[in-house]
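Position chain W relative to chain R; hints supplied.
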Amino acid sequence: MIGILLVTHGEIGKSLIDCAAHILGKSINQLECIPIDPKSDLQECEKYIENEIKNLDMGTGVLIMTDIYGATPSNILKKYSSKDNIEVITGLNLAMVIQAITSRDGSLSDTTNKCLESAEDGIINMSKK
Amino acid sequence: MIKKKVKIINKLGLHARASSKLTQLASQFNSEIFLIKNSKKVSANNIMDILMLAASVGSEVELEVNGPDEKEAINKIEKLFKNYFDEGE
Chain R
6 MIGILLVTHG EIGKSLIDCA AHILGKSINQ LECIPIDPKS DLQECEKYIE
56 NEIKNLDMGT GVLIMTDIYG ATPSNILKKY SSKDNIEVIT GLNLAMVIQA
106 ITSRDGSLSD TTNKCLESAE DGIINMSKK
Chain W
62 MIKKKVKIIN KLGLHARASS KLTQLASQFN SEIFLIKNSK KVSANNIMDI
112 LMLAASVGSE VELEVNGPDE KEAINKIEKL FKNYFDEGE
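Chains R and W, in that order, give the protein sequences.
For the first sequence, the numbering used here begins at 6 and goes up steadily by one.
For the second sequence, the numbering used here begins at 62 and goes up steadily by one.
Careful, some of the hints might be misleading.
Stated by the list, open to error - Straight-line Cα separation of at most 35 angstroms, DSBU-like style, residue types lysine-lysine; simulated pairs:
{"#": "1", "chain 1": "W", "residue 1": "K137", "chain 2": "R", "residue 2": "K134"}
{"#": "2", "chain 1": "R", "residue 1": "K19", "chain 2": "W", "residue 2": "K132"}
{"#": "3", "chain 1": "R", "residue 1": "K44", "chain 2": "R", "residue 2": "K134"}
{"#": "4", "chain 1": "R", "residue 1": "K31", "chain 2": "R", "residue 2": "K84"}
{"#": "5", "chain 1": "R", "residue 1": "K84", "chain 2": "R", "residue 2": "K44"}
{"#": "6", "chain 1": "R", "residue 1": "K19", "chain 2": "W", "residue 2": "K102"}
{"#": "7", "chain 1": "R", "residue 1": "K119", "chain 2": "W", "residue 2": "K82"}
Unchecked claim - Restraint-style ranges between C-beta atoms, simulated for each label pair:
{"#": "8", "chain 1": "W", "residue 1": "I70", "chain 2": "R", "residue 2": "K59", "range": "46 to 52 angstroms"}
{"#": "9", "chain 1": "R", "residue 1": "K19", "chain 2": "W", "residue 2": "N99", "range": "35 to 41 angstroms"}
{"#": "10", "chain 1": "W", "residue 1": "N91", "chain 2": "R", "residue 2": "K84", "range": "40 to 46 angstroms"}
{"#": "11", "chain 1": "W", "residue 1": "N99", "chain 2": "R", "residue 2": "G64", "range": "39 to 45 angstroms"}
{"#": "12", "chain 1": "R", "residue 1": "S132", "chain 2": "W", "residue 2": "K101", "range": "17 to 23 angstroms"}
{"#": "13", "chain 1": "W", "residue 1": "M62", "chain 2": "R", "residue 2": "K84", "range": "36 to 42 angstroms"}
As the list claims (entries may be wrong) - A partial selection of chain R residues facing chain W, derived with a Cβ cut-off under 8 angstroms:
{"#": "14", "residue": "I28"}
{"#": "15", "residue": "L29"}
{"#": "16", "residue": "G30"}
{"#": "17", "residue": "A100"}
{"#": "18", "residue": "I103"}
{"#": "19", "residue": "Q104"}
{"#": "20", "residue": "S123"}
{"#": "21", "residue": "D126"}
{"#": "22", "residue": "N130"}
Hints in this document: simulated from the structure, not taken from any laboratory.
Think of the CB as a built atom: it goes at the ideal place given N, C-alpha and C, for glycine as much as any other residue.
Isolated chain R (complex conformation) (with noise of 0.2 angstroms):
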């Protein structure tokens, strides 16, 4: 099983987990979340971050999650992007995080990728349609 850790600005990870386990009706096993606000020391949160995914990693790796592109958290995740154990990926929504959650009991570069098509499947302009 992935492993799966959302770093997020603020309490948006711990939403989206709460709304997965709703909808799935379930609660999640090795999924977590990092907030991330103004006030975080960033050695601290690297610290958390490495320790989760120590936790998570149950040998087929870890799937981390942020919200948006080119801020501190996925700045912060940069360094973790080259590790053959890991894949960062930002964009970050409700559909991915389900996506994850049901698509994660094969390779991490399937999850991976099954999450980039739910979230780019998921985005549609319903007024245009």
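Then chain W, alone, in the frame of chain R:
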């Protein structure tokens, strides 16, 4: 292979919780199970694909089931639709 059309009668349609229940039920069978709406065919095992059908109350979807337990699967899935996805309305 069995195909059957089912009408969505629960108030909220094939929304997130209902889609989740459908995937949980579909995953219990060995058969391949698909939903078809407006020529779009998706696996009943993938919640996000089901949601992309945007199937609201009053709309109709076709179930397509193919495999060793297809009869039991289609009956139980049809029952879930007819039972308003256990939502009461």
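Status of the hints after comparison with the structure:
1. W/K137 / R/K134: Measuring from Cα to Cα gives roughly 33 angstroms; hence the hint holds.
2. R/K19 / W/K132: violated, 41 angstroms
3. R/K44 / R/K134: violated, 43 angstroms
4. R/K31 / R/K84: holds, 33 angstroms
5. R/K84 / R/K44: Holds, at roughly 21 angstroms.
6. R/K19 / W/K102: holds, 33 angstroms
7. R/K119 / W/K82: holds, 20 angstroms
8. W/I70 / R/K59: 46 to 52 angstroms: Since the Cβ atoms of W/I70 and R/K59 sit about 48 angstroms apart, the hinted range of 46 to 52 angstroms holds.
9. R/K19 / W/N99: 35 to 41 angstroms: holds, 37 angstroms
10. W/N91 / R/K84: 40 to 46 angstroms: Taking Cβ atoms as reference, W/N91 and R/K84 lie about 44 angstroms apart, which means the hint holds.
11. W/N99 / R/G64: 39 to 45 angstroms: 42 angstroms Cβ-Cβ, so the 39 to 45 angstroms window holds.
12. R/S132 / W/K101: 17 to 23 angstroms: holds, 20 angstroms
13. W/M62 / R/K84: 36 to 42 angstroms: violated, 51 angstroms
14. I28: With a closest approach of 4 angstroms, the R/I28 hint holds.
15. L29: Since the shortest Cβ distance to chain W is 5 angstroms, the answer is holds.
16. G30: It holds, given that the least Cβ distance between R/G30 and chain W is near 6 angstroms, below 8 angstroms.
17. A100: The hint holds - R/A100 has a Cβ within 8 angstroms of chain W, the shortest such distance being about 6 angstroms.
18. I103: Since the shortest Cβ distance to chain W is 6 angstroms, the answer is holds.
19. Q104: holds, 5 angstroms
20. S123: holds, 5 angstroms
21. D126: This hint holds: R/D126 lies near chain W, its Cβ roughly 6 angstroms from the closest one there, short of 8 angstroms.
22. N130: violated, 13 angstroms
When held up to the earlier numbered hints, the structure conflicts with 2, 3, 13, 22 and fits the remainder.
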